Amino acid sequence: MMTKHLTLSNYIKLQLILSVACFCLVITFLPASAAQDNGDALYQYYCAQCHGEKGDGKGINATEDLPTQPKDFTSPKNLPVFTDEQIVNTIKQGGPKEQLSFIMPPWGDILSDEQIDVLKKLLRKICKCQYDPAAAAAAAAEAAKQKQ
Amino acid sequence: MWLIIHKNLISLLLALTFSLLFFIQPVRADIKKGEAFYKQNCLSCHSLSRTTKVSLEEAKALKGMPLWFAGSKFKKGWLEKWLAAPKPILGVKWGTLTKGANDHPAVDASKIPDLVSYLMTLVDAEIKKGATEPLPESRGKRKSMLGKTRQLFEKHQGCYACHQYINRLDKTIGGFSGPSLVGADKRLNPDWVYAFLKSPRRYYPNGGCPIPGESAFNKFTDENRAALATYITNMGVK
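So the protein lines, in turn, are chains A and B. Just so you know, my numbering puts 59 at position 59 of the first sequence, and the rest follows in order with no gaps. Just so you know, my numbering puts 1183 at position 183 of the second sequence, and the rest follows in order with no gaps.
For the record, the hints were derived by calculation from the structure and aren't laboratory data. Don't take each hint at face value.
Pairs of lysine-lysine residues, derived as BS3-like cross-links and limited to a Cα-Cα distance of at most 30 Å, are as follows [said to hold, decoys possible]:
(1) B/1219 - A/58
(2) B/1155 - A/147
(3) A/54 - B/1093
Note that the coordinates shown come from a computational prediction; the quantities given were computed from them, not determined experimentally.
Start from the sequences and build out the full structure, keeping to the hints where you can.
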């Protein structure tokens, strides 16, 4: 029997070499997955048609017939009023989840949670902003005032 | 004498009828020839394989829509006319976000019957037949049904954000990134539209059409799908 001639350390080494070889093979022949797409590629493929290639809300679908115009992510006013969780929820489950327009569709059946997180980070990069509770409170007060 | 003339006349008429029948008989489309034409002229852009989700780089490199389900998706009469004189369906240049038309070559009229016969054999066997309701005969009931389904299209799903369509004022409005739905009544089969709304990634794995599924805030029922498929495939019908 071959195993009788292998010492334990050689056996472990052989196992290690085989595992590494298998891993390399899998990596080499693994098809390029959507998870590898970077944030910019995801944005241009799924978001830019409405929100614009630069994020300024001027995509080719931003016609005057829409009940709400797509958000301009470059504006310092628009994104600071949303928490990261609200941004993620809106991308994943659609605008109505966060009392926003139904025109913003849900992407959760196409994009993974990881990809949505990548997009959220990209939006923060485009707006050069983080969540600002004071701005959110002011926006909520303004919305309430308009409702009255 | 008259009898002889009469007999000859009948023989002549019969001979003429048989000759006409021989020459006028409908041209039988040859599926094999259509397949050969497709492989030579169409396959480089329109894949016949059911693909899986690929990287966006690969998805953008595709030159045309896959057509492995063409016979389920398209209506035969529309295909025949469109292939003879292709008109743009997308509002953007393929693979870009630039408004404009795509140049699709016209197919020689003599090749169309064979090609279309072949395309009609490319069906998705898993499509459920009769999933949608036909429009009622009565104008009143029809108007009421289309009114309800229009609500789904406009208010519930907001399909017109990406697709051109005809609104209730007979005005063509909507976005440009998705295929125009003006004329979808002549182009698309209702059963395929229902199947697409049910499993969009089966047909376009990378998906640009965000149809609400399990992760959506507003759920989309089978009844909704059937109603929307009815609306889309009766676009412009009064």
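| Holds or violated: residue 1219 of chain B to residue 58 of chain A, with C-alpha atoms at most 30 Å apart | holds (29 Å)
| query | Is it true that the CA of residue 1155 of chain B sits at most 30 Å from the CA of residue 147 of chain A? | reply | holds (21 Å)
| message | Next pair to validate is residue 54 of chain A with residue 1093 of chain B; report whether the Cα-Cα distance is within 30 Å. | response | holds (19 Å)
Every hint, counting from the list given before, is met by this structure.
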